[in-house]
Amino acid sequence: MTVPETTTTATTASATATSATATSAAIGEASGAETSGAEALRPHAEDAFADELKALAAADDRPRPARWRLSPWAVATYLQGGTLPDGTVITPKYVGPRRLIEVAVTTLATDRALLLLGVPGTAKTWVSEHLAAAVSGDSTLLVQGTAGTPEEAVRYGWNYAQLLAHGPSRDALVPSPLMRAMADGMTARVEELTRIPADVQDSLITILSEKTLPIPELGQEVQAVRGFNVIATANDRDRGVNELSSALRRRFNTVVLPLPATPDAEVDIVSRRVDQIGRSLDLPAAPEGLAEIRRVVTVFRELRDGVTTDGRTKLKSPSGTLSTAEAISVVTNGLALAAHFGDGILRPGDVAAGILGAVVRDPAADRVVWQEYLETVVRERDGWKDFYRACREVSV
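One gets this note's numbering by counting positions in the sequence shown from 1 and adding 901 to each.
Quick caveat, the hints were computed from the structure, so don't treat them as lab data.
Quick caveat, the model's predicted, so the values are computed rather than measured.
Even for Gly, the Cβ is constructed at its ideal location relative to N, Cα and C.
Take the hints with a grain of salt, since some may be wrong.
As the list claims (entries may be wrong) - Label pairs and their calculated CB-CB ranges: (1) S1146 with E1281: 47 to 55 Å; (2) R1195 with R1293: 18 to 26 Å; (3) D1137 with E1111: 23 to 31 Å.
Could you build all of it, start to finish, from the sequences and the hints given here?
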């Protein structure tokens, strides 16, 4: 049962309607009606990697589930990277165990929903977006979970102008991203599922178990067509989370995304993402900055693990997560500082303030942790004198 697009009915005075039309026209002119992938600050995955997806589709001769753009093998290759027979290089989107990605992709090929679970910064959202882009060619059917997410965001809402004028009807109904995904056989995404209130979370149960969304006001329902599935992300380490009910958790196949296993793997992830972000922001490439990237990763891993890399010194851990995503942010900001206020080469002074901001979340407890780390580890480490001085300067 296909959900029609909602048509907005004008119920205000003509002057207001004219003003709204003029505003819409101005926005259309300014943006060229649609923002091209090249102009978007952060293109959707299906736009940013359109060439790779097209090359994979052309080379993909394996069976594809209903309404999938690629076969499961090609989706896994898109996420993990590889070289196609025609020489096209597919860049890795996720650096980690291939088996995890294979399990995630296989789950989406069944009628069971996928839950990507992990601590903050383990690329859950990134993997979710790229999975949806590769499977359905559209990663935008998204419900962003917050403490204020209403049930309408998961099920459906109403165009109140239509509702008041004509009563409940399909034209007055505003479909949620999940409803649209059900009707079109697409992949929907639910970000930060554990931040959504528990009663709203549970509205997913019927959708996931029965593959049906009742519309009692109309005495109708929307049945999911083949190809529909849901990818949710969640973590249980952040504050302000709502535990999933056992009934809802049973509807998901859970894949836990770990932190990078080795320093080299984390350096590789940070370098790749910083390079991608830097190109989108027209920042200069920073091949000379690899040493600083490795230093940032080392600091984050040691404080996160509570022990130095050589295992000789026990450390206190700060209250923050010090995730890979935060390391990417610190390095990107440092690269911008080097480009706009330096000589374009990433140096300790460019990343020091960012590291301080990431580590010291609690001004009282975390500052003590950071000062102790500086004096007992950084100060004594060979080749880190310039980094120590930069950190001391911003820490005063």
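Between R1195 and R1293, is the Cβ distance one that fits in 18 to 26 Å? holds, 20 Å
Just tell me: holds or violated, for the beta carbon distance of D1137 and E1111 against 23 to 31 Å? The hinted range 23 to 31 Å holds for D1137 and E1111, with Cβ atoms some 27 Å apart.
Should the hint that S1146 and E1281 are 47 to 55 Å apart at their CB atoms be regarded as holding? holds, 50 Å
Every hint from the earlier list agrees with this structure, and none is contradicted.
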